[in-house]
Each structure stands twice: as C-alpha cells, then as structure tokens.
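Enquirer: Chains D and E, in that order, give the protein sequences. Residue numbers for the first sequence follow numbering that gives the first Met the number 0, beginning at 0 and rising by one. Residue numbers for the second sequence follow numbering that gives the first Met the number 0, beginning at 0 and rising by one.
Where hints are given, some of them may not hold.
[To be verified] Per label pair, the in silico range of CB-to-CB distance:
#, chain 1, residue 1, chain 2, residue 2, range
1, E, E27, D, R60, 51 to 59 Å
2, D, D145, E, R82, 47 to 55 Å
3, D, S196, E, K23, 39 to 47 Å
4, D, D193, E, P67, 23 to 31 Å
5, D, G50, E, P51, 30 to 38 Å
6, E, K8, D, D145, 18 to 26 Å
7, E, G22, D, P136, 49 to 57 Å
8, E, P67, D, D107, 38 to 46 Å
9, D, D184, E, P51, 43 to 51 Å
[Claimed, not checked] Here are the simulated lysine to aspartate or glutamate pairs, EDC-like style, with alpha carbons at most 20 Å apart:
#, chain 1, residue 1, chain 2, residue 2
10, E, K8, D, E130
11, D, K175, E, D25
12, D, K40, E, D25
13, D, K40, D, E102
14, D, K63, D, D107
15, D, K175, D, D203
16, E, K10, D, E43
17, E, K90, E, D19
[Unchecked claim] Listed next, the stretches of chain D that the computed footprint assigns to chain E, with coverage defined by at least 3 CB atoms under 8 Å from CB atoms of chain E:
#, region
18, 26 to 38
19, 51 to 64
20, 160 to 173
These aren't lab readings, by the way, just hints derived from the structure by calculation. Values in this document were obtained by computation on a predicted structure and should not be read as measured data. No residue lacks a Cβ here, since even glycine has one placed at the ideal position from N, Cα and C.
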Amino acid sequence: MRLLTLISGGIDSPVAAHLMLAKGHEVDLLHFDNRPFTDDKQMEKVQSLAGILYKSVEKARRPKLLASPHGKVQIAIARGAIRRYGCVLCRRMMFHVASMLSERDGYDALVTGESLGQVASQTLMNIRAEENAATVPVLRPLIGLDKLEIIAIAQRVGTFDTSILPSLCCTIVPEKPATKARVRDIQAAEDGLDMKSLVKQELDGIQEVQY
Amino acid sequence: MPIVLRQCKTKAGYEALPVDAKGKWDQERRLNLPAVGRSLEALGYEVTDAGPLLVVNGKGLCEATVYPTGRLMIKSNDEAQSRSTAEHIYKDIGLEG
C-alpha cells in the first residue's frame, strides 16, 4: 500500500511510520509545520527522524518528507471558532488536507501515531470527531499500545533520542481544550470558517523537504 | 516589575509571568490584545495577531507569544536572553505588576 504518515517531532508518529515501513508498505511523511506557534527545532527534528526511519528498515524505499504550512490555518481557527475546539479543528484540518493530498497523489490510507487515552485530547469522542474529516482510511498502528510499549519500540528503532530533544510545544493550544467533541458541533464550528479556501491554501503550500 | 521566569517542560523555551511585589500573578488580568499589538507594532515590533494571542518578534529580542493574562512564552533556551526579552516586552506593553 502507499501510505501517508502524519509525522510530528514527537515519540509516537515516527514509531507508527516505522511499523508500516517494516511491513513493507511504501510510506511517505507529511509534517504540519506549525510555525510561528512552535520553533524551528520541530522541523529539524522531523528531518532527522525521516533519515532514521529510512535506515530503520533494510531495503526500504526512501520516504518522501512533505511539509504543510499550518500556521495560517491555526490563526483562522483561533480567530473564527470556539476556542476550546481549537485542537480538534486543527486535527480535522490535517485530515482534510492529508485526504485531499492522498486523493491527488494516490495514497491508499493515512497513518497516525494516536493511542487511545494517552493524552486528554485523544479520547474516543475526539478521535471520532477528527477522523470524520478524513475521506480516506486512517490507520492507527499504535492505538492499543501504552506509552512504555511505544517508547520501547522507539528506542529499538533509534528515533527516541531525537524525539525527546527539546522543541517548543504548540503555543496556540487553548487553555481548556475540548475532550468530548461531538461531530455535529465541530462541523457547525467549521461552518464559520472558510474551509474550502483554507484547505486549498494549505494544500497548495505543501513542499518536499530534503533530509 | 518583578518577573517570574521558568523553563517550559520541554526545555525549549521560557515562560514569563508578571507578578506583584508579593510574587502573585494576577490570572484574571485580560490584556486588550489588539490594542497591545498595535502599540507594539508602533514601537517597531513585528506582530502576528492570532486572536487569543500575539506572536511578537524583532528589536533584537527573542520571539515571544503574548497571552491575555500577560503570560509570555519565549522561544529561547537561554535564561538571560529570555529575561531580557520579557523585561523589554513588559515595559513596552506598559504592564504593571
């Protein structure tokens, strides 16, 4: 399968990408570049992680690393939607953009590093509200693993030390993010945004990044 | 004005809080961010108004995020630079502890 993995600079998504690479799938990486709401180190980490992932599986095809400019979308969400829905809307936008990219460039599915209940925002209701934006299947190879299991794989693969390097957390996270977002409420929140234009703007800005 | 400065949990930045003489941070404070943004721009800063926060850059300081409570998130792992950035921004905002 041709898979598009949504990769941050954290611990989980590189592990998800590795597991799918190790299964023999063709994997490319899509990073949502959150600047100015994070720092430059996040991108540097993702570039390093891409190189480690490539070497983590013998004879793997070299994953393409793509960066999607997400900062302006974050501003539109923060200005135009109920504040506590910010994180869910941000994730939905990632699914909107990644789905359109998949349809355009022929990816069969998306891969994410989500594991259930690991952080407050990764509740079943939020996951449902977020994946509702996807128009291609979303694969979650880590969904049933706990953090220690994910860390053990990251250490074995060699991504862990890079994932834990200092980089700024997202600075536009709402003070009290929604943990039980309902699909209809989130869709109503999106109605207040110019989604078509935001998705197109972000899709058009996607660029390949060398590593 | 006293400033409490602490490294964020990822150690990639510093958080600054404007406090009173007793070290208390008024979490109920709500800055008028659009007005703050305009005045900082007039002073030569580059300002991105993201609605519930401002991203402030320039004047040789570290990039910083300004929240309505007066909390700053400063993109630097250097304590002295972060403190200097916070002092300048608070002074230019006219924030009293």
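Enquirer: Does the alpha-carbon distance linking K175 of chain D and D25 of chain E stay inside the 20 Å limit?
Expert: Holds. K175 of chain D to D25 of chain E sits at ~18 Å (cutoff 20 Å).
Enquirer: If you draw a straight line from the CA of K8 of chain E to the CA of E130 of chain D, is it 20 Å or shorter?
Expert: Given that 20 Å is the threshold and the Cα spacing comes to 29 Å, the pair is violated.
Enquirer: How does the region 160 to 173 of chain D fare against chain E when you require at least three residues with a CB closer than 8 Å, holds or violated?
Expert: With 7 residues closer than 8 Å to chain E, the region 160 to 173 of chain D meets the three-residue bar; holds.
Enquirer: Is the distance from the Cβ of D184 of chain D to the Cβ of P51 of chain E consistent with 43 to 51 Å?
Expert: Distance hint for D184 of chain D, P51 of chain E is violated at roughly 19 Å.
Enquirer: I want to verify a distance hint. Is the separation of the beta carbons of E27 of chain E and R60 of chain D within 51 to 59 Å?
Expert: Between E27 of chain E and R60 of chain D, where Cβ atoms are some 55 Å apart, the hint holds.
Enquirer: So does P67 of chain E sit 38 to 46 Å from D107 of chain D, Cβ to Cβ?
Expert: Because 44 Å falls inside the window, the suggested range holds.
Enquirer: Take the C-alpha atoms of K90 of chain E and D19 of chain E, compute the straight-line distance between them, and say whether it is at most 20 Å.
Expert: holds, 15 Å
Enquirer: Taking the CB of K8 of chain E and the CB of D145 of chain D, does the distance hold inside 18 to 26 Å?
Expert: holds, 20 Å
Enquirer: Indicate whether the distance between the beta carbons of G22 of chain E and P136 of chain D respects the range 49 to 57 Å.
Expert: At roughly 53 Å between Cβ atoms, P136 of chain D and G22 of chain E fall inside 49 to 57 Å, so the hint holds.
Enquirer: Take the C-beta atom of D193 of chain D and the C-beta atom of P67 of chain E, compute their distance, and say whether it sits inside 23 to 31 Å.
Expert: holds, 25 Å
Enquirer: Verify this for me: three or more residues of the region 51 to 64 of chain D with a beta carbon less than 8 Å from a beta carbon of chain E.
Expert: Since three or more residues must qualify, the claim that chain E covers the region 51 to 64 of chain D is violated, with 0 doing so at under 8 Å.
Enquirer: Determine whether the Cβ-Cβ distance between D145 of chain D and R82 of chain E falls within the hinted range of 47 to 55 Å.
Expert: violated, 39 Å
Checked against the numbered hints above, the structure violates hints 2, 9, 10, 12, 13, 15, 19; every other hint is satisfied.
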